[in-house]
Each structure stands twice: as C-alpha cells, then as structure tokens.
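Peer 1: Modelling step: build the complete structure from the supplied sequences, incorporating the hints.
Protein sequence lines, in the order shown, are assigned to chains A and B. Quick note: the first sequence uses numbering that gives the first Met the number 0, first residue 0, plus one each step. Quick note: the second sequence uses numbering that gives the first Met the number 0, first residue 0, plus one each step.
These aren't lab readings, by the way, just hints derived from the structure by calculation. Misleading hints may appear alongside valid ones.
Taking lysine-lysine and the DSBU-like style, the derived pairs with C-alpha atoms no more than 30 Å apart in a straight line are [unchecked claim]:
#: 1; chain 1: B; residue 1: Lys163; chain 2: B; residue 2: Lys61
#: 2; chain 1: B; residue 1: Lys163; chain 2: A; residue 2: Lys12
#: 3; chain 1: A; residue 1: Lys48; chain 2: B; residue 2: Lys61
#: 4; chain 1: B; residue 1: Lys176; chain 2: A; residue 2: Lys12
#: 5; chain 1: A; residue 1: Lys234; chain 2: A; residue 2: Lys12
#: 6; chain 1: A; residue 1: Lys260; chain 2: A; residue 2: Lys234
#: 7; chain 1: A; residue 1: Lys64; chain 2: A; residue 2: Lys48
#: 8; chain 1: B; residue 1: Lys163; chain 2: B; residue 2: Lys176
Not the full set, but computed from the structure, chain B residues with beta-carbon under 10 Å of chain A [unchecked claim]:
#: 9; residue: Pro44
#: 10; residue: Asp47
#: 11; residue: Arg69
#: 12; residue: Ala71
#: 13; residue: Leu72
#: 14; residue: Ala73
#: 15; residue: Glu121
#: 16; residue: Ala131
#: 17; residue: Arg134
#: 18; residue: Leu135
#: 19; residue: Val153
#: 20; residue: Leu182
In this text, all values refer to a predicted model and were calculated from it rather than measured experimentally. In this text, a Cβ means the ideal position worked out from N, Cα and C, and glycines have one as well.
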Amino acid sequence: MNAADLAVLQLAKRAYAAAQPSESEVQTGVRRARLALRRGKSRRSWFGKGLVLVVLAFGGLAYAKPHVLGELVEGLTQASGADAAKRGTKRGAPTAPAQPLRGRAVAHRPAAPELTGRVGAAEAEVVSNAALDTAPSAAALAAAKPHGLCRRDGAAKPVRTSQVAAVGAASPTQETPEKAVVSDWGRVAQALGRGDEAEALTALSALSESDDQRTRDKADLGRAQLFVAGGDHEKACALAHSLNNRRAGSHIERQAQLLLKSCTP
Amino acid sequence: MAQSFVQTALGLPAPSERLEQALARESPDELLALLYRQMRALAGPRQDLDDLVQAAAERALKALERFEGRSALATFTYGIVYRTLLDHQRWYRRFQRRFTLDSREEPGEPVFPRTSETDLHELERARRLYAALDRLSNEKRATLILHDLEGLDVASVAAISGAKELTVRSRLRDAHKQLVQLLREDPLFEPEAPT
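Peer 2: Spelled out as structure tokens, the structure:
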C-alpha cells in the first residue's frame, strides 16, 4: 500500500473511532439484553422433534398406503377378537371359527399371473382375494408350483399344507377322494383353475353362508366379480351395492366400489 | 462441578444452575457490556443489534463452562460474537432468497448517537465507511475491523475467526485493497478533504 492508501485508512480509522458507542448506549443495550435473557424459554426440545417425527411417520404412511392404517386397525381388532374366542374355547364355550392369518405377500402375487391366462383377470382376482385370507387356499395356490413358496405367517399346519399341495398336484380325475380335505376357499381356487365357474360360484355361495362376517363379505365380493366376468351385471351390482352399504372393510369396500363404477344407476 | 474463575469473576453460578437464576442472582453486566461492544464493532450500528447481542449472550453463557483460560476472555467472547454474526448473516441471506421485507421493515441507515462532542462530518464519514465495509465479504470485513480498527494482532484475529494466520493475512490484504478502492471513490475520504 502506498502513502495515499495509508492516509485513506487513517481517515477510516478516525471515522470509526468517532462512531464508537457511548457508555449510555452500551448500558441501554446491556439492559435490553438482560431483559431479553430473563424471558427464559422453557422448551422441551425433544417433545417438538418427537411430535414432528411421529406426525411425519404416520402422515407418510397414510399418504403412501392409505389402506394400511385401516387394515392395521382392522387386524388389531380381529386379533383381539381371536384372543377372546381362544379364551372362550378354553372354557368350552362354542365360538365362531377364528379368522386365519393372512398370507398376502406370498400367495397373492404368484397366483394371479398364472391364472390370468386361463380364466381371465376377474377370476384371477377372485382367486387372489380368496388367497388373501385363508391359509389353505393360499397353500393350494402355492401348490401349483410344487417347490412352493414359503409362508410368512405360518398359519397353516405343515401337514395340512402338504395334503392340500397333494390335491393341487393331483390330476382332476383323482381329486374326488381328497376333496374332503380341501377347504371351501380351496375349492373355489380349484374350480377357477379348471375354468369351472359354476362350481366356483357354488363354493362361494356356501362361503356366503358362513358365520364369519369377513368371510361372507369376501365370498360376496368373489361372486360379484364372477358375475361381472360372466356378464351378469345386475347380480354383480346388487352384490356390490350390498357390500358397499354394509361397510365391509377397506379392501373389500374399495373393490366393491370399483365394481360399482361399471354399474349404471 | 467447581466454578471456573470466569464465573467467579463475573459472579456467575455453577453451570447447572438455570440461566434465569444466574441472571437474577448476580447480573453479569460486564460480560454483556463486553459482548455489546464487540458485536457493535463487528456488526456496526444496525437495527437488529439487540437481537444479535442477545443471541451472542445466550451462546456465551452456555459456552463459559468450556472456557479454560488459554486465551483472553475478550478473545473468547469475540469468537462467539464472530460466529453468531456469521450465522445470522448466512440465515439472513437464505431468508432473502425466499422472502422480501416490507419497506417499513427494511434496515435503514445506521443511526449514530448525537452528542455535543461528536463531529457531524466524522459521523457522515463513518456512515460511508460502514456502507463500504458492507460491500466486503463477511470474513474480510470482520478481519479488517478486528485488525485495523479494533487493533488486534493477527494471531488473535486467527483465533477469533478460526482460520490460519496466513489466511488472515491474505484476507487482510484483499480487504485493504477493496476498501481503499471503494473509499477513494468517495470525496469525503480524500486525504486533503477538510475535516
């Protein structure tokens, strides 16, 4: 820096010194700062953060998978109902059949593509719906691939799974002796596998008489979908209306509403 | 936990005591006055000076328990003031990217106290000096103020700003160059101008 630059800086220093705060200004500032500090903020920082995290988690879940929360609550209520039923059974009281656990992730996906080619999309959906809730039918569907898929919930007993697997693997001519072993949902799946809609409808009608509300709803949904596939829109719409009116639960209700879209008012 | 000599000197209680109790018991006015002067020096006269002093005081009272006496207390508090100011300016820059202030809330010209002794000519010069300083980057501005205007040595400035001494020298050189260039355009800073 040359002398002229130094002179400019000297002027700047003098101006800076002239603008220094007076003692009274400092005391005023100190007083204000002290008052501000005394207004202490008693925050619980963890509470706010925790609340934000919980809201984000539930909000994200509700946004990404709206049906999951409903099904979670539904599952919890059913589980408590099943517990009550188990306690009742121990005491010897007659109870409604307990709802089997779900094998959705395993049974639902492999079944649908395999059957779609043979019996159409609607029927495949019925089978997959059937597979949603019943362990034996899930196993029967899994039996189409003999090396099978492992079940997540383990609701079905191994012996029964193997029996059903044997049924699934057997030819249609040999199935009569084992028919007694197969559950109603298994019969639906087998009938659809053969393309026998009448038999599937009969099995679903039998399921519609079940004591269990959820089983009835699912059977009705299956029937409605089969009616749609068969072109009988009147019956399908009647069933869909019925399902929609009785508040059959998130998944079933959604499916029924989808069906209702094709119905003319 | 034993009280540090700073707490004893300032009459502050042990760190476990609540801030309000500490302030109520014995006012650390010396510390607040020190922080006010330092913030006023670094930030200049501005409308949000009180907020900045308050933020620095909160930090300083929390940080006092970590002070080990290896540097002067003024250097320690200057470091806190420097970081508080930089954080605030970063926040304000981000804020300005998204929001615009109402013209009534826009920070106005710095206001200087009017006392009988102060020369209005010098105050006008100071106003222009602050305007020129505002055009430097935050680091260069702080380095120049601390070294040239507050009279701290390079080592202290390096300790305050958390930079190496060579970095401080480099910032200082650039700041000098820019400030002189800005001030030479101003007729009030011509060496032969009347004072």
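Peer 1: Each hint: holds or not?
Peer 2: Do the hints match the structure? See the list:
Distance check on the hinted pair: B/Lys163 and B/Lys61 sit about 26 Å apart at the alpha-carbon level, within 30 Å; holds. Between the alpha carbons of B/Lys163 and A/Lys12 the distance comes to roughly 25 Å, so the proposed pair stays at or under 30 Å and holds. This hinted pair checks out: A/Lys48 and B/Lys61 have alpha carbons roughly 22 Å apart, not beyond 30 Å. A hinted pair counts as satisfied when its Cα atoms are at most 30 Å apart, and B/Lys176 with A/Lys12 qualifies at roughly 15 Å.
Between A/Lys234 and A/Lys12, the direct Cα distance comes to roughly 95 Å. Violation of the 30 Å bound is thereby established for this hinted pair. The suggested pairing of A/Lys260 with A/Lys234 holds, with an alpha-carbon distance near 14 Å, which does not exceed 30 Å. Distance hint between A/Lys64 and A/Lys48 is fulfilled; the C-alpha atoms sit about 24 Å from each other, no more than 30 Å. The straight-line distance between the Cα atoms of B/Lys163 and B/Lys176 is roughly 20 Å, inside the 30 Å bound, and the hint therefore holds.
The restraint placing B/Pro44 at the interface with chain A holds, with a minimum CB-CB distance near 7 Å, inside the 10 Å limit. Interface hint status for B/Asp47: violated, as the beta-carbon distance to the closest one in chain A is roughly 12 Å, over 10 Å. Hint status for B/Arg69: violated, given a least beta-carbon distance of 26 Å to chain A, over 10 Å. With a cut of 10 Å, the hint placing B/Ala71 at the interface with chain A is violated, because the nearest CB-to-CB distance is about 19 Å.
About 16 Å separates the beta-carbon of B/Leu72 from the nearest beta-carbon of chain A, more than 10 Å, and the hint is not met. With 10 Å as the threshold, the beta carbon of B/Ala73 stays out of range of chain A, its nearest partner Cβ sitting at about 15 Å, so the hint is violated. Satisfaction of the interface hint for B/Glu121 is found here, the shortest Cβ-Cβ separation to chain A being roughly 4 Å, below the 10 Å cut-off. The criterion of a C-beta within 10 Å of any C-beta in chain A is met by B/Ala131, whose closest approach is roughly 8 Å, and the hint holds.
With a cut of 10 Å, the hint placing B/Arg134 at the interface with chain A is violated, because the nearest CB-to-CB distance is about 14 Å. Checking B/Leu135 against chain A: minimum C-beta separation of about 12 Å lies over 10 Å; hint violated. Because the smallest distance between the Cβ of B/Val153 and any Cβ of chain A comes to about 16 Å, over 10 Å, the interface hint for this residue is violated. A least Cβ separation of about 5 Å between B/Leu182 and chain A falls short of the 10 Å threshold, and the interface hint therefore holds.
Hint violations for this structure: numbers 5, 10, 11, 12, 13, 14, 17, 18 and 19, all remaining hints satisfied.
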